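So the sequences go chain by chain: C and B.
The numbers in the UniProt record's numbering rise by one with no breaks, and the one at position 57 of the first sequence is 57.
The numbers in the UniProt record's numbering rise by one with no breaks, and the one at position 228 of the second sequence is 228.
Don't read these hints as lab results, they were simulated from the structure.
You can trust all of the hints, since none of them are fake.
With a straight-line Cα cutoff of 20 Å, these simulated EDC-like cross-link-like pairs (lysine to aspartate or glutamate) come out:
no.: 1; chain 1: B; residue 1: Lys457; chain 2: C; residue 2: Asp177
no.: 2; chain 1: B; residue 1: Lys134; chain 2: B; residue 2: Glu101
no.: 3; chain 1: B; residue 1: Lys91; chain 2: C; residue 2: Asp36
Quick caveat, the model's predicted, so the values are computed rather than measured.
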Amino acid sequence: MSYAYLFKYIIIGDTGVGKSCLLLQFTDKRFQPVHDLTIGVEFGARMITIDSKQIKLQIWDTAGQEAFRSITRSYYRGAAGALLVYDITRRETFNHLTTWLEDARQHSNSNMVIMLIGNKSDLDSRREVRREEGEAFAREHGLVFMETSAKTAANVEEAFINTAKEIYEKIQEGVFDINNEANGIKIGPQHSPTSPGGLAGTGGQGSAQGGGCC
Amino acid sequence: MSREYADENKGCARVYPCERVNMISGIQIALKNAIDVIAPPVTPLQDFIYHWKQLMNFYVSHLTDCKVPVQNTSIPRHLDVLLDILLQEEKEENEPGPCLEYLLQHKLLDLLATLASAETPPGMRTVCLAFLRKFLGRSIYPLLHHTSIYAPIQRLVALCNGNPPSPIEAEEIQFLLTICYLACKYPHVTNIINDAPIVQAVSNPTKKDNERTEIQRVTYVPTRKRINSNPLFEPLDTQAITLINPNLFDKERRKLPRSNHVFKTTVSDPGHLSRRSNESVSSREESVSSSPLAQKSVCDSPLLNTKSSEQWEEKDGGDSSGNKIDEHLQNLRDLRLDTDCNAYEDAGYVASDNQSLKSPNKMPEKSKCLLLDALLSYLNSADNTVRIRACEGIMALASLKDPSFAQTTARSELPSIVSTRLENLFNAIPAHVDHLDIYNVDVTWGLDSPLWTQEKKFPGCRQVAAFFMWYDYCDRLIREAQMELAETLARTIRVVFFERIVTPALADHHVILITALVAKCLKVTTSSILCTEVSYWLVGQDRDPEIPNVWTSPVLHRLIENCFTDSNDLTVETLKLFEEALDKRNEHILHCLVLIYLSTRAYYDNTAADSAITSWSDEEDEREKDKKGTLDLSYEQNYSRTLAPSNIHRVINCFLSLMPRYLQTDPDVNNFDKYMPAWEQQYTSALSDCALMAWPLEAVMVDDSASSDSRPEADHCSGRFYMGPFLSMLFDKISNMPRQTYEINLEVMGLILRLALLPHPYLHEFLLNPLLPLIPGTKSLFLCLQKVVKQLVSEIPKTPENKIMLAETRQRLLSSCPQEEEKEDILCESAVVTEELCKELAGIAYVKYHHSV
Ligand SMILES: Nc1nc2c(ncn2[C@@H]2O[C@H](COP(=O)(O)OP(=O)(O)OP(=O)(O)O)[C@@H](O)[C@H]2O)c(=O)[nH]1
Ligand SMILES: [Mg+2]
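Use the sequences and the hints to build the structure in full.
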């Protein structure tokens, strides 16, 4: 299927916070009640529409288990967006956010859009992390914030789509270099720009490091 | 009946050895009763045993015909139920429950492993692997240290081999990844997945003692999980040894009459029947002997069952039916052995059944990492997902924080397999790939796999992408691996790939493409350990300066020669490679390329220092006098005065006035401010990148004290100054600017600016201080530029309409949208580049000054 852009996402966060469930809800509109712990990294994809443009999301669902942290880390690079998930019913998953964020910032490209997600909002009676705390953390670290429920599907679409919107805006602003696929963005087959070449192209490359002779 | 069950429940809740007899015979009755009324069993354990026996029943009724695909049998369903019961039990009890104990005690997994190896019925292996993966992955207990778990797991791991590709590789790799996960989660079990003790223990009796201590080590249970009341969870499980070493078992058993007693008297112990036959056939291996197959299922059909269960009890003493099944299984196994070329296949069986079969060639001690070897065999899989999973597993094991395991992996085949794959993928890149396409290939090992397989951006892009994905994996793996393994990996990649493959390729006729590929490798290298090895390849390991015209580093030699061929493309690509090398900000590269040649300051003319007051120190003294009192002196220690000469305005002026006014095309003549912000930013990052390189703060004579008072010291720099091959090449290229293409000039400019930006005092004054007194005959950047300008001045005015030409050239080169091909004029283009270069240099000099005051 053709698309205007392709964005690569990763989903990170402690084990059991509902990463796989969020992905399953987003791609298959299903909920999986048993915790089938992710071993390694799983992959999912879905098409969305932003600004009447078809955008393909490729999503990598990582393992939250400490034992697999090295694998997760090596997936950060080359992602345009990340969903950083915690479980509102388990405070320790919220407390670990700083570590996750540090790891992500260190191993990803600096423009990566990070969406903070407080999942399991359906379990309000067992809530351990107040909504305001999530908001405050997001504000402090410059993230977008949202509470979701992979069970009831509340805000799940929004979480993925808003992240895409954020990336899309960054592309419009020229923050993302769309020709550099290491940013986790790909232009669809029919939208490829005329091949960058000629002298200005070469000069542009020189100036990227050379301080801008042009 | 219900009361009877209630009693049974109590008996079943905990299985202690002394109670076992009662309990198990109780189950017999219970089962019989259950069958009589076709009522479902009541306790989870009964349910569990029921389904297990149902499963086993298949084998009893299909002794000769096992061709039914497993999916058409009830086996998968029974296994699903068994799994559910086990997981449910974990949820409800806060210590290992009776079903788990049953599974351990009766070595169910061992039997499953046997059936999986025999592929009976067809598809059984997939089903067993899936069952084990789910069970072990989800269980909250660290089970792997139990012999009755790890021995079958080892056999299954050994069965998994992606070479040649297996039709069920997806399930195999998922299973292996789960074992990796367990190994990472419970690092104390690494010994289990690490060695291949099945083979060693059985074949090598002298190792028995070692093995035993080994086992004592691996069967250690973390105190947190230790359950004292339960013998199965004792740190040393004596029964656990048996699977590794049957002989040991015999001894142990004699010492432990109680467990013997259990075997003799418990009807439902599946091991007991065949155990006897085992004794008669001396060296039959444990897994078969413990086979619960020996029992006929009770539940096939209600009518028959009462009978058969009676028969079953009668037959306790005889071993005819049990043996039949055993033999049957054995035949299956033998069959598999004949057809299967897997060297690891059923290694344990071969070893214990027949010593002569165990040929040392067939079982080479190639590596001790059973699991790692299995994973490595999938690296060439055609299935992306399988390959990625293998990569993930390897990365997880490589990052395992266990020094002895790291050592084992470093000595395994991992480094050489990883490097060889890099080599093969490199060689697979078609020679016709356009070198200009390389720059834009940006891939990562994990995120791009589904993408690039269908990609058709340019001919050969898939192979290029495959190579860079693997290079990215190597880089990541080295970053995540434990130190010893990381270093071995990087070293092996240098030797196997860079030295053996790339070095000779730099002289063959695809050298342009090769150079572009290497430049890209440098660009994407993020691991400092890999970068170090690549730097050794690039500039050699020797840190001493080269003598002029005597080449010690073959690669550097070749690259510099490649800059002087007739091929414009080769020159450009090689200069780009140097650009990437400088961008690494790698101490060794900078040292060997440039800094070592400047560190004696042999270019500096001491004698001239007096007459022309230009050295930083004299100038600085004046400035000191002027500003004393107003300046915060605490700054002085941290900031280099070499980088901030007080005559900065003269320095800047030198650069800005180099190009005569009438050749300048920038309407904003002396304005270099517009370059400032970009350089500010880059200089800040250069400062932080180079902060740890222990560079001197100031440019001073090395032997200052000796030469300070004795003035006529012209011969103090005994050897002539040699700036090294790299700077020599660059200066040659600078001098040649009026005769070179724009692309080359742009690259040369980029390299000079990169060097000028570095906060190294000698390099700084050598490149950025045109007022520095130099030993006569020394080439300097400024002198080269002067020569260039002289040439431009003498030649450009001769061409007609040169003013317009220059302006148009500038327009063309600096506009961002490519225009239709106009007449290119090398002279005009060079003039524009030279003008820009001078301003950039002035800009850098100013930014560095600014940062240092
Ligand atoms: N009530 C409720 N339960 C949820 C929700 N999301 C996930 N769960 C449950 O939480 C458990 C863990 O969910 P997973 O999605 O498997 O967790 P994960 O983050 O992928 O965990 P790892 O793969 O180990 O990193 C499962 O039992 C889910 O059913 C939710 O929004 N509401
Ligand atoms: Mg998951």
